[in-house]
Amino acid sequence: MNEIVTNEVVIEVGKRPVREVHMEMLAAANAGKSILVTNTLSRHNLGVGLPAGCKVRFEGSVGYYCGGLNTGARIEIERNAGWGCGEAMSDGHVTVGGYAGMSVGAAMLGGTIHVKGDCGPRCGVAMKGGNIVVEGKIGYQSGFMAHGGRIIALGGAGGSCADALWEGEVWVTGDVEDLGVDAVVTEPTAEQVAEVDAILDPLGLKDTSRDWRRIIAGQRLWYFESRDAKAWLMI
Amino acid sequence: MCGIAGRILNAPGQVGRDLVELMDAQEHRGADSTGFAIYGVPRESGYVVRAMGFERDTLSRDLEEFRAILREHGGDFIDDPVWDDARTSHYSVRMTITDPDDLARWTADADEICTRLEMLSVGRSLEIIKDTGGAYEVADKHGVRDMIGTHGLGHARLATESDVRPNASHPFWARPFADVAIVHNGQITDYYSWRNRLEHKGYRFLTYNDSELIAVWVSDRMKEGLSMEQALARSIREIDGVFTFMISTPDMIGFAKDRFAMKPLVVVNQNGEIAAATEEQAVRRVFEDDHIAILNYDGPGQQGIWGVGNRRAAA
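Heads up: the protein sequence lines correspond to chains A and B, in order. The first sequence begins at 1 in the working numbering and counts up by one. The second sequence begins at 1001 in the working numbering and counts up by one.
Chain B with its partners taken away, still in its complex shape (with noise of 0.2 Å):
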């Protein structure tokens, strides 16, 4: 059992401070761990890079290494790197940098030092924040609420299947794509054919979260060439187990859920601005209004896509 919010903005704002609520209000679904994934004001070149190490004594070690493999790419840090100053061992490191030559060339080079220092995100908007803990815990060690944006994902962790570890919290970013996060509430039941599929195809996980497994089946699909909706319909059909999950690029949220109808998903509407949550009470959160229209997602093989910005499109 895991909680799962997704929110939408008309125009950046808040997302952050609505994210925490909304994942706060799920706690008891998962107190593991948090996350959050927010797409904030999209940069016209440069990644943001989210990254965590798990040595904070070898912190600068680590990040001239990083930086070292990304110069060998073509690209560099923009801006000084900046990480959290908790006392814990491992630390959260966001990174600016310039284009790499290959995004994906690079994400496997760089993921050699992924044992010591690890990709949690890289994207133009998105930034992928998670970390032990509840979501006002995870939300003040690493300010989350003060984060502006249009749209993000967050996620409350019950680990059932894999490690209680900071990197194996959700959100997960679609490993080399950049700007594409996952959130997941279920369980992949055939998680260990596919990732030795898509690993054949080239793709490298660094969890066994089989949440990981979705982001980057998904986003093969769409590369090549279904659309988001053809591929959230198609992971209905292929993919087994019982599942809802929401995936996020820089203009759209989408969701699936799997054919038997087990997990729920809350979704209300408002003038275009979106709150889904697994709860009811989450969404409530968000929308005071005692008489808001909820729409209840709670159908088999359900999906649908909201749209950002200039692709508003209803689910």
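One chain only, chain A, in its complex shape (with noise of 0.2 Å):
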């Protein structure tokens, strides 16, 4: 049953059928609500397409897809997240208070993704816009053919980093255990570093002490030619 508290609505998940949470989600943020969701038992597809100016948080953990398509709302789970968590959203802002799973933030567009733990292998496969930011280590071939945005690790990153980077960019502070496909490391400019502090600062994070490795695409995949023997050994 829902209860009503003050300007909250209080929705429960159990084994309720996803659509009609998410209707009663969509009910709330159109009557102007913000949304506590209970009981989520990392249930998948929670907090799917929910739209401009709702704000929901989620107890407890949640399963595949959350946030994904957000078009602007503010969301925020209290723990886990599992797969593409914030899938090809183009606006608004995402919190996880724990580990993110695999392809957090895949295709995405636009908005932050804000991840509090580590999270799992591909961080941003293909994205195109936005930013992710990773309190912990990014996981297995983060960054994996995006083709724009940014994804900053403050905890290091796995194998295979940046792996066939397209125009985005995988800033890491700590280990990177080896690059991918096409990666470079570049000593970023002030102004860049300027620039992530500019994402950082409203997260609370921003230090201007750390040792920033900003990764880019080699750009010999952007120019690839089939005859060329030594770029086939590169890939």
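Be aware that a few hints might be false.
[As the list claims (entries may be wrong)] FRET-style restraints, in silico, Cβ to Cβ: (1) 193(A) - 1196(B): 54 to 62 Å; (2) 1083(B) - 15(A): 33 to 41 Å; (3) 91(A) - 1288(B): 35 to 43 Å.
[Claimed, not checked] Covered stretches of chain A (chain B as the covering partner; in silico rule of three or more C-beta atoms under 8 Å from a C-beta of chain B): (4) 35 to 48; (5) 56 to 63; (6) 89 to 103; (7) 134 to 142.
These are calculated hints, taken from the structure and not from any lab test. Predicted model only: the values in this text are computed from it and were never measured. We put the beta carbon where it would ideally sit given N, CA and C, even for glycine.
Take the two lone chains, each set in its own frame, and fit them into one complex as the hints suggest.
Structure, rendered in structure tokens:
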């Protein structure tokens, strides 16, 4: 049963159909209420396609695709998120209090995802815009084929980092296990660091003493020539 | 996409019930079929045989022929076989048998009638139950919730590269190694080359399911002297594809993940009792405490084992 507490609507998930939960969330959002979602049981597809202005907090952990297709909602997940958290979001803000599974922020276009723990493989795969901030370590092959946007990892990176990166950027402090194909480390300019600090500052994470590695595409894949034996060896 | 699960208890208990819940929570990953490998209290001698017949009309004749082959190898039924009374043309049968003289030779001969009666598992404690349908449907039909044991595996299958048939479901028995079973989520891309090599070594495969191959592959390496851990490590290096699989023996469950970190595995270890599954929401069916520590085995090339009973070891 739903319960209205001041300006907040409490919606329980349990074993109810996710479609039913979603319709209640949309109704609450349209009524200008903030939403507390309880008893989430790590269910999938919660909080997908939420509109701008919507404010939701999920108690506990959520399953796959939470916050996907977000167009401007502010979403807070108390604990862990499964695969594809914030996938294809175009705006808004998603906070994950714990661990985020594989492909967090996949194909995202805009907005910010903030993961307070570590995240799984292929963080920001094929992302095209926006920012992913990870306080812990980003997993294997993070930034894979990212076309834009920025991944900022404060606790290091797993293997094959920024593999086949296109125009995105992966910023890392801490150890990088190894770089992916065509990824190169560059020294960031003061202006670039200031841009990253401007993203971290509202999250309370700005620290001017950090030693950054800015990883971008070496661009050899941009001009790939199939008859070039060295290019094949690179892959 | 399939869903897999493993469960270990500190003492014999309701492992069947737990595995049913673990699989029901993952039914959306594969509704074609569901299966369970459950390790009960081990027999000191004799084996439990789980088998599937494909024509209920010929059940009596099939069992008589099966028994005749068993007798040729020095074994016999201990108790009368029991089977399900569902209205399906296929049937599942449970038999207890005395030890045949040579398990591998008997298995090979018994497999000569596998088009009519196929052995799903042979073990001192292992019993594999599998069928088409979801977890609750299979559990209701075969009484899985009532099965008591120390550990086991579960599988929800989405058929991608082989038939949807009751016997093509998982788990697979590592024919002819007693008490070894596997569940697998993924695709093996060099399946035929490995199958050819293993067939040349004398192994027989009854399906074209790549999971059956992994079970035999790992068991063959262990037969050659590798430990489970060593065999799992080699599987990651040598088998091509994307996979997470779990393999079970009477005293452990092991897991291995491919080099590309494509298939998830979520684990809870609470006071030595393990629940592992493809999805976090599944392990929450077993551990209701919302604040249990969830371990995500998401990295590339990961492997490990969990011991059962006296063989406890952290993964």
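Each hint, compared with the structure:
1. 193(A) - 1196(B): 54 to 62 Å: holds (57 Å)
2. 1083(B) - 15(A): 33 to 41 Å: holds (34 Å)
3. 91(A) - 1288(B): 35 to 43 Å: Holds - the Cβ-Cβ distance for residue 91(A) and residue 1288(B), about 36 Å, lies within 35 to 43 Å.
4. 35 to 48: holds (count 4)
5. 56 to 63: The restraint on the region 56 to 63 of chain A holds, since 3 of its residues have a Cβ under 8 Å from chain B and three suffice.
6. 89 to 103: holds (count 3)
7. 134 to 142: holds (count 3)
Checked against the numbered hints above, the structure breaks none of them.
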